[in-house]
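There are 2 protein chains.
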Amino acid sequence: MAHDAPLSPLAPKTYPKLPAIDGVRFATGEGGIRYMGRTDILLALMDEGTTVAGVFTRSKCPSAPVDWCRANLSGGTARALVVNSGNANAFTGKAGLASVQLTAQIAAKATGARQSEIFLASTGVIGEPLDARKFDGILGELAAKAQPLAMLDAARAIMTTDTFPKVATLTAKIDGVLVTISGIAKGAGMIAPDMATMLSFVFTDAPIAAPALQAMLSAAVKLSFNAITVDSDTSTSDTLMLFATGAAHARGCPKISSAKDMRLSGFKRALNKLLLNLAHQVVKDGEGARKFIEVKVSGAQSARAAKVIALSIANSPLVKTAIAGEDANWGRVVMAVGKAGEKAERDKLSISFGGIRVAANGERVPDYNEAQVSTKMQQENISIHAELGIGRGSATVWTCDLTKAYVEINGDYRS
Amino acid sequence: MAHDAPLSPLAPKTYPKLPAIDGVRFATGEGGIRYMGRTDILLALMDEGTTVAGVFTRSKCPSAPVDWCRANLSGGTARALVVNSGNANAFTGKAGLASVQLTAQIAAKATGARQSEIFLASTGVIGEPLDARKFDGILGELAAKAQPLAMLDAARAIMTTDTFPKVATLTAKIDGVLVTISGIAKGAGMIAPDMATMLSFVFTDAPIAAPALQAMLSAAVKLSFNAITVDSDTSTSDTLMLFATGAAHARGCPKISSAKDMRLSGFKRALNKLLLNLAHQVVKDGEGARKFIEVKVSGAQSARAAKVIALSIANSPLVKTAIAGEDANWGRVVMAVGKAGEKAERDKLSISFGGIRVAANGERVPDYNEAQVSTKMQQENISIHAELGIGRGSATVWTCDLTKAYVEINGDYRS
Chain A
1 MAHDAPLSPL
11 APKTYPKLPA
21 IDGVRFATGE
31 GGIRYMGRTD
41 ILLALMDEGT
51 TVAGVFTRSK
61 CPSAPVDWCR
71 ANLSGGTARA
81 LVVNSGNANA
91 FTGKAGLASV
101 QLTAQIAAKA
111 TGARQSEIFL
121 ASTGVIGEPL
131 DARKFDGILG
141 ELAAKAQPLA
151 MLDAARAIMT
161 TDTFPKVATL
171 TAKIDGVLVT
181 ISGIAKGAGM
191 IAPDMATMLS
201 FVFTDAPIAA
211 PALQAMLSAA
221 VKLSFNAITV
231 DSDTSTSDTL
241 MLFATGAAHA
251 RGCPKISSAK
261 DMRLSGFKRA
271 LNKLLLNLAH
281 QVVKDGEGAR
291 KFIEVKVSGA
301 QSARAAKVIA
311 LSIANSPLVK
321 TAIAGEDANW
331 GRVVMAVGKA
341 GEKAERDKLS
351 ISFGGIRVAA
361 NGERVPDYNE
371 AQVSTKMQQE
381 NISIHAELGI
391 GRGSATVWTC
401 DLTKAYVEIN
411 GDYRS
Chain B
1 MAHDAPLSPL
11 APKTYPKLPA
21 IDGVRFATGE
31 GGIRYMGRTD
41 ILLALMDEGT
51 TVAGVFTRSK
61 CPSAPVDWCR
71 ANLSGGTARA
81 LVVNSGNANA
91 FTGKAGLASV
101 QLTAQIAAKA
111 TGARQSEIFL
121 ASTGVIGEPL
131 DARKFDGILG
141 ELAAKAQPLA
151 MLDAARAIMT
161 TDTFPKVATL
171 TAKIDGVLVT
181 ISGIAKGAGM
191 IAPDMATMLS
201 FVFTDAPIAA
211 PALQAMLSAA
221 VKLSFNAITV
231 DSDTSTSDTL
241 MLFATGAAHA
251 RGCPKISSAK
261 DMRLSGFKRA
271 LNKLLLNLAH
281 QVVKDGEGAR
291 KFIEVKVSGA
301 QSARAAKVIA
311 LSIANSPLVK
321 TAIAGEDANW
331 GRVVMAVGKA
341 GEKAERDKLS
351 ISFGGIRVAA
361 NGERVPDYNE
371 AQVSTKMQQE
381 NISIHAELGI
391 GRGSATVWTC
401 DLTKAYVEIN
411 GDYRS
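Protein sequence lines, in the order shown, are assigned to chains A and B. For reference, each letter of the first sequence is one residue, going 1 to 415 in my numbering. For reference, each letter of the second sequence is one residue, going 1 to 415 in my numbering.
Some hints here could point you the wrong way.
[Claimed, not checked] SDA-like, lysine to any residue: derived pairs with alpha carbons at most 25 angstroms apart: (1) B:K60 x A:E387; (2) A:K134 x B:V365; (3) B:K404 x A:Q379; (4) A:K348 x B:K60; (5) A:K60 x B:S302; (6) A:K60 x B:R364; (7) A:K404 x B:K404; (8) B:K94 x A:H385; (9) A:K94 x B:G299; (10) A:K343 x B:S218; (11) A:K60 x B:G389; (12) A:K343 x B:K60; (13) A:K60 x B:A303; (14) B:K404 x A:P6; (15) A:K94 x B:K348.
What the hints contain is simulated information worked out from the structure, not anything from laboratory work.
All chains should be built: construct the whole structure from the sequences, respecting the hints.
Right under this line is the structure:
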């Protein structure tokens with residue numbers, strides 16, 4: 001269970017102070033869905049006029065809450081978010097659909113929001129029916145006590161095997177007016193015997209129309225959550241949502257309707273940075289992770305090709321076990337470049353570890369300083385750079401190492 | 001090193017007796033390329049008129065010997081095969097090319113074969129120059145002592161971290177005349193700190209023209225070597241070659257020029273069976289393997305889609321660790337089906353372990369016998385079957401479990 005895992009060595013040393021976001025309130029409670037003695041239900045309430053955007057798993061077998069959110073997203077507005085941990089309500093058939101419908105009914109009654117403005121997410125066990133009656137009573141209580149400063153509690157309530165809560169906050173200026181963006185996330189942890197999920201919820205007081213919000217979120221996710229991998233396995237429930245209350249309008253912030261509006265440039269930078277921060281925290285809490293690895297590919301035929309190659313490196317069990325062994329095994333990087341299927345020319349390929357070039361033009365660099373590379377490999381942050389020398393496409397992705405602890409967490413629970 | 005690893009629990013209990021293949025002789029020797037006190041060079045000599053076919057890694061960074069073989073294959077004939085273990089001669093730049101050229105020169109001198117009829121394969125360390133002078137002298141000795149019954153020795157000489165030699169033999173009839181097909185293989189083992197390779201060489205006395213041989217080999221590989229995975233990582237050096245001496249013609253076997261010749265049906269069946277046998281042995285000697293897993297996907301939109309989904313299941317670290325933990329974790333199978341990107345309908349999907357259906361129509365089977373499933377999961381041979389219920393495409397692939405020993409073999413050698 002989540003509580004037994006030791007804190008990831010890559011966990012942040014402190015958590016940032018999370019300011020209130022005008023128009024958002026949080027409350028958490030103990031539903032006893034699977035865990036005992038900890039919170040497992042989050043309710044977030046948003047003021048009228050809040051716009052919403054979302055990006056979801058590309059799994060062909062998505063969970064019932066993912067189906068629900070996709071359907072509601074077309075409305076473009078949100079008043080409430082209900083998240084539970086402990087049960088993913090995935091692969092639960094008609095019972096799963098009935099469960100999200102009942103949850104939404106209960107939430108609508110508790111919050112006064114229309115069902116079409118209620119968003120749902122679940123994480124935890126797959127294939128177990130989720131008894132939505134557990135939300136009855138509790139959501140009413142949570143609605144009554146919701147308050148703006150409970151965001152760290154919110155991050156804790158959605159954890160499964162995460163070893164630390166994941167939060168981030170930034171400010172940006174839109175037309176000179178300061179707005180805040182804060183977010184929470186949970187990582188790809190495992191609960192025996194089932195798969196968990198990546199969830200992230202981001203809130204801002206900026207007044208941005210839903211289509212503009214969606215365009216920015218879809219763009220930002222490519223460089224953050226869609227550029228990380230712990231073990232190449234994609235959950236049925238991955239959910240990232242961005243809620244914008246628009247409260248900053250009262251402070252003079254103009255309403256923005258297009259993602260192309262130049263006044264959004266600072267906001268976009270902040271959003272990208274915040275999502276990347278949360279995505280990195282997910283990797284740093286990857287199961288069994290001891291090393292945080294940045295994989296950069298440059299000189300590829302296109303940015304798309306660069307990303308395919310970078311993910312091939314980042315997902316290679318041989319590369320990941322080598323890093324766990326603190327070995328600058330560039331031969332395995334060559335292998336991963338070669339198997340990616342994208343254009344590569346062996347004799348133009350160069351590879352660096354920690355900024356030190358170990359292979360160039362298709363051969364080992366004969367005189368590189370092995371002791372220096374070895375020192376780099378002993379650090380917590382590892383960088384791998386493959387320069388293909390055939391074009392201008394580049395991409396960066398992040399992953400963690402593959403350790404015995406990963407196998408233990410995911411395979412040994414029966415022993 | 002190879003010698004230290006304990007014998008795989010999935011190793012065969014006995015090796016088949018390998019009959020002589022008319023027109024093929026083998027010899028092995030100690031080149032001291034990397035290993036000491038064991039053979040690491042194989043020379044196979046084929047009589048004049050031997051035809052040849054080959055299938056190679058799809059890596060964009062292939063080894064120098066792979067480049068060499070591809071170039072020579074167009075000639076369609078073979079007289080000698082030289083294989084070394086301990087050094088893959090991969091990612092060695094111009095030195096690699098010079099090394100294969102020198103090896104071929106030495107082999108031509110030792111055997112009297114033309115360089116265009118000499119095939120080369122290397123397996124072991126990546127990125128280290130291979131000193132071809134090590135073949136000088138030795139290949140002459142081997143040519144002198146080569147003999148038909150040394151095939152098990154041949155299988156031993158090409159091992160790297162394999163824990164057992166891989167051999168198989170079968171007979172087939174062509175137009176009533178008995179022919180023999182025998183083959184050897186080595187598996188995807190690792191030698192710290194480098195990647196090794198899948199190599200397989202198959203020999204027959206059947207008189208079959210090179211284009212027909214190639215067509216049959218390319219077809220057969222899809223259902224055998226291209227349907228196995230240990231860890232999703234593709235080597236720079238994968239090589240499968242089929243040599244046909246034609247010696248059976250002297251015993252009345254007709255010369256066959258087309259793969260579509262109906263008289264080849266028995267031979268094709270035998271070839272497919274032999275390659276599958278060797279491929280299974282490679283999986284059974286996968287690093288850290290304790291379980292042999294068959295993944296069958298049926299009811300998919302097409303055979304191609306079925307194979308993509310089957311490989312998604314077989315390559316999923318979460319599925320593989322679950323099997324290591326003897327857990328029939330069908331939720332992870334759902335996840336792997338969902339992430340494969342091929343058409344799937346959650347509510348039509350059914351999953352069985354060991355022939356027992358645990359999930360059907362998008363939901364857990366409520367009353368399946370858990371004790372019975374648990375017993376199945378404790379066995380060495382595990383079968384997973386996903387029925388998609390949307391079409392007629394099916395595919396079967398094989399893999400092994402992901403254990404702590406895998407991580408240990410590939411990551412812990414520095415400790």
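Consistency of the hints with the structure:
1. B:K60 x A:E387: holds, 15 angstroms
2. A:K134 x B:V365: holds, 24 angstroms
3. B:K404 x A:Q379: holds, 23 angstroms
4. A:K348 x B:K60: holds, 12 angstroms
5. A:K60 x B:S302: Satisfied, since the Cα-Cα distance of roughly 16 angstroms is no more than 25 angstroms.
6. A:K60 x B:R364: holds, 18 angstroms
7. A:K404 x B:K404: Roughly 5 angstroms separates the two Cα atoms, so the pair holds.
8. B:K94 x A:H385: holds, 23 angstroms
9. A:K94 x B:G299: holds, 22 angstroms
10. A:K343 x B:S218: Answer holds: K343 (chain A) to S218 (chain B) is near 23 angstroms, not above 25 angstroms.
11. A:K60 x B:G389: The hint holds at about 14 angstroms.
12. A:K343 x B:K60: holds, 7 angstroms
13. A:K60 x B:A303: Roughly 18 angstroms separates the two Cα atoms, so the pair holds.
14. B:K404 x A:P6: holds, 19 angstroms
15. A:K94 x B:K348: holds, 12 angstroms
Of the numbered hints stated above, none is contradicted by the structure.
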